[in-house]
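With our numbering, letter number 691 in the sequence shown gets 1646, and the count goes up by one each step, no holes.
Worth flagging that the hints you see were computed from the coordinates, not collected in a lab.
Bear in mind the structure is a predicted one, so any value in this text is a computation, not a measurement.
One or more of the hints may lead you astray.
Unchecked claim - In silico SDA-like pairs for lysine to any residue, Cα to Cα no more than 20 angstroms straight-line:
1. Lys1679 to Phe1435
2. Lys1004 to Arg1415
3. Lys1371 to Val1214
4. Lys1048 to Val1214
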Amino acid sequence: MPREFDGPAPAMGPDFRFILRVLAAHRTLIVVIVLALTALSAFAVSRMKDNYTSEALLLVDNRQVRVVRAEDQALNAITPEDGAILSEIEILKSTAVLSQAVADLKLATNPEFNPPVQADETKPFVERATAWTREQAHSVFGPELPGVVQAVLAHGDDMTKDTQLRETRAADSIDGVLDRVRRNLEVGVVGRSRVIQVRYTARDPEIAQKVVDTVVRRYMETRQQMDRDLSTSAIAWLEDRIATLRREVAEADTKVDAVRFKAGLVKNGNNGLMATTELEQARLRLAEATAIRARAVAQAQTLERSVGNGGSLASPVVAQLRATVASISTELAQLSRQYGPKHPRILDLQARLNEANSSLQQEVRHEIAGVREAANVAIEQENALKAMIARLESGYQTMAEEAVPLRTLEAEAQAKRQLLDSLLGRLEEVQAQQDNRAFPTAVKLVSAPQVPHEPSGPFRMLLLLAGFVASLAVAIFIVFGIELFQRRIRTPDAVRRILGVGTVHIVPHHSTRGTRGRLDRIFQNHPFSLFSESMRALFRNHLSDLGPVGSIAVTSARPQDGKTSMSLAVAQVAAQAGRRVVVVDTDFRRSRIDGLFNLSAKKGLSDWIAGTATLDEIVHSSDDAPYAMIPAGRLMPETLDRFNVDGLIHLMAGLSPHFDLVVFDTAPALAVSDARIVCGAASKVLFVSRWGHTTASDLQAVADLGPIDHSKFVAVMTDVNLKKAASRGYQGPYNSYMATRKYYGDTTLRTAP
956 MPREFDGPAP
966 AMGPDFRFIL
976 RVLAAHRTLI
986 VVIVLALTAL
996 SAFAVSRMKD
1006 NYTSEALLLV
1016 DNRQVRVVRA
1026 EDQALNAITP
1036 EDGAILSEIE
1046 ILKSTAVLSQ
1056 AVADLKLATN
1066 PEFNPPVQAD
1076 ETKPFVERAT
1086 AWTREQAHSV
1096 FGPELPGVVQ
1106 AVLAHGDDMT
1116 KDTQLRETRA
1126 ADSIDGVLDR
1136 VRRNLEVGVV
1146 GRSRVIQVRY
1156 TARDPEIAQK
1166 VVDTVVRRYM
1176 ETRQQMDRDL
1186 STSAIAWLED
1196 RIATLRREVA
1206 EADTKVDAVR
1216 FKAGLVKNGN
1226 NGLMATTELE
1236 QARLRLAEAT
1246 AIRARAVAQA
1256 QTLERSVGNG
1266 GSLASPVVAQ
1276 LRATVASIST
1286 ELAQLSRQYG
1296 PKHPRILDLQ
1306 ARLNEANSSL
1316 QQEVRHEIAG
1326 VREAANVAIE
1336 QENALKAMIA
1346 RLESGYQTMA
1356 EEAVPLRTLE
1366 AEAQAKRQLL
1376 DSLLGRLEEV
1386 QAQQDNRAFP
1396 TAVKLVSAPQ
1406 VPHEPSGPFR
1416 MLLLLAGFVA
1426 SLAVAIFIVF
1436 GIELFQRRIR
1446 TPDAVRRILG
1456 VGTVHIVPHH
1466 STRGTRGRLD
1476 RIFQNHPFSL
1486 FSESMRALFR
1496 NHLSDLGPVG
1506 SIAVTSARPQ
1516 DGKTSMSLAV
1526 AQVAAQAGRR
1536 VVVVDTDFRR
1546 SRIDGLFNLS
1556 AKKGLSDWIA
1566 GTATLDEIVH
1576 SSDDAPYAMI
1586 PAGRLMPETL
1596 DRFNVDGLIH
1606 LMAGLSPHFD
1616 LVVFDTAPAL
1626 AVSDARIVCG
1636 AASKVLFVSR
1646 WGHTTASDLQ
1656 AVADLGPIDH
1666 SKFVAVMTDV
1676 NLKKAASRGY
1686 QGPYNSYMAT
1696 RKYYGDTTLR
1706 TAP
């Protein structure tokens, strides 16, 4: 039953007491479910066959792992360690490797791996069903079958052909075999190491070992072949790339030379540009010419000053001429003292002296002119060099701008040349590795697979324990599912919440064996029982204030809610309290009072309504009941048409001189409208809901009939099993049962029936 009908929920947290009580109340169902499911689990576990697991360990050397692209292989690219190991695992589980292992072991013909090939002499179900239907049809219709039957049989034949075709394809294909191998094959990394663990589980230990051994062997062969293929592809790629680079390097060198010659940036022997060298040399020559010019000018000026000041030249010719002039002058002076000026020798010496002075002057002038000419030449050379340097400097900017693309071309040519050298070295390395003896294996077998001697599963005890736990969970789920979907009313709080009433009176369950549901007899025979005390409390608290003459309408939502028994019990309580009580049965369609008191042959309320009987004729009594009764009588159409509030008021007026209390046993409120007529005429309305029988939907339907007059509406919940309600954890007055049952169960307070 939903928690909304279990009374107010706790402030927070689950109600563990309620949970435990619900489980205790359904313990028998839980035990049955657990035992049944555990037995099924034990049977299933016992039918399981032993499995054997064989394993092998592989060590991955990531330094020698080959990559999967020829370009990366050629350039010696190394993948990260984790990625390399995961790549090896994917290769090991690839279809290529497993297909080769399946072919080597011929697993396609093994029934364990390919069930369609197993020997099965029984025909498929569809084929057998079609054949049996055809035989039965021929036995019924003869050789000629109706068209509908022939169409059905033809459809069965088509389904048979499709089934056989699928089985044939499954037997010929290895896809299913590969799927089964993959399901039982485990490949993974051991911890954080570079060790790969290969495990296979099979029913046959030898097959488990063979599968692991074959898969590992085929994997290593495939890996080596991949490395060889990669090396071959790398060599071809390298050779093609090297040839391309050689052409590109040659073209780059040609472009560099063309740009250099075009710009005049020719290299000299010292690996420098000629334009720069020429400018530097011109500047050096200018410096030398400047020095020479300075020396020549200084020398000329010195000579001119020395000649003007009577100085002498450092020329050997001038010195010799000066010596001759001095010698002649000396000789002339000596002879002049001896001879006169007219002496021939004096004249000869004078002539010789004049000639020597003339030669000396001419030589001095010649020397000065030579020095001056040298100075002029030095000046002209200096000016020429200056002009050349200016010309070179003016074109140097243009040459520098043209040198930028030249340097770019030279850098590109140099980079290509270096890449070419690197690829040439790598080509030699890969060519050396292409030899199997020089080709190291990237994956090494550390531990070879062995034939297992002990089964690896199934773990029967663990499975049995898991089955027990699962069965317990299923049982608890079923129990709470029953409680969740149980919509029957079991708490007074649910009645209050749905009908909007203030209080709900509880009438506990009491055994009715031998009384045919007569609660009035229970009250009479067990006056000190909990049931009897609850009936007294009901009458005193809710029904005793009706005045000298009152009426009570007892109704319920639907049949078998206990309204008739409650009507008789209320009448019994009121009669024993000294009231003169009459019970009027207004349920014309299904009257129970007629059968309980054998009044079927006597006149009843319907006869009075029809005008065929008086009040005295319809009121009856019984020796075993302290109250009078008016049966419903025969059901006639005019009875239902004339049944109204005015008629009931007239009836109560006629009964008032003889009775203090009129108890109306009505029809169910949801069945017919008669109950609403009686409730409108009565002083009190006793609404009966039966514990565990009346549903929340019934109460909601009653609430939807119209507003309830709370001044005369009394809600009663009958047949409450207090012990069961308390054990299941329902909230309300049930918890007090354990404390009060001993009090009411005192045998000394009971009277004999």
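Going down the list of hints, with the structure as the test:
Restraint check for lysine 1679 and phenylalanine 1435: satisfied, since their Cα atoms lie roughly 16 angstroms apart, inside the 20 angstroms limit. For a cut-off of 20 angstroms, the pair hint linking lysine 1004 to arginine 1415 stands: about 10 angstroms separates their Cα positions. Proposed proximity of lysine 1371 and valine 1214 is supported: the alpha carbons are some 18 angstroms apart, at most 20 angstroms. Our distance criterion of 20 angstroms between C-alpha atoms is broken by lysine 1048 and valine 1214, whose separation comes to about 59 angstroms.
Figure legend: structure checked against the earlier numbered hints; the only hint not met is number 4.
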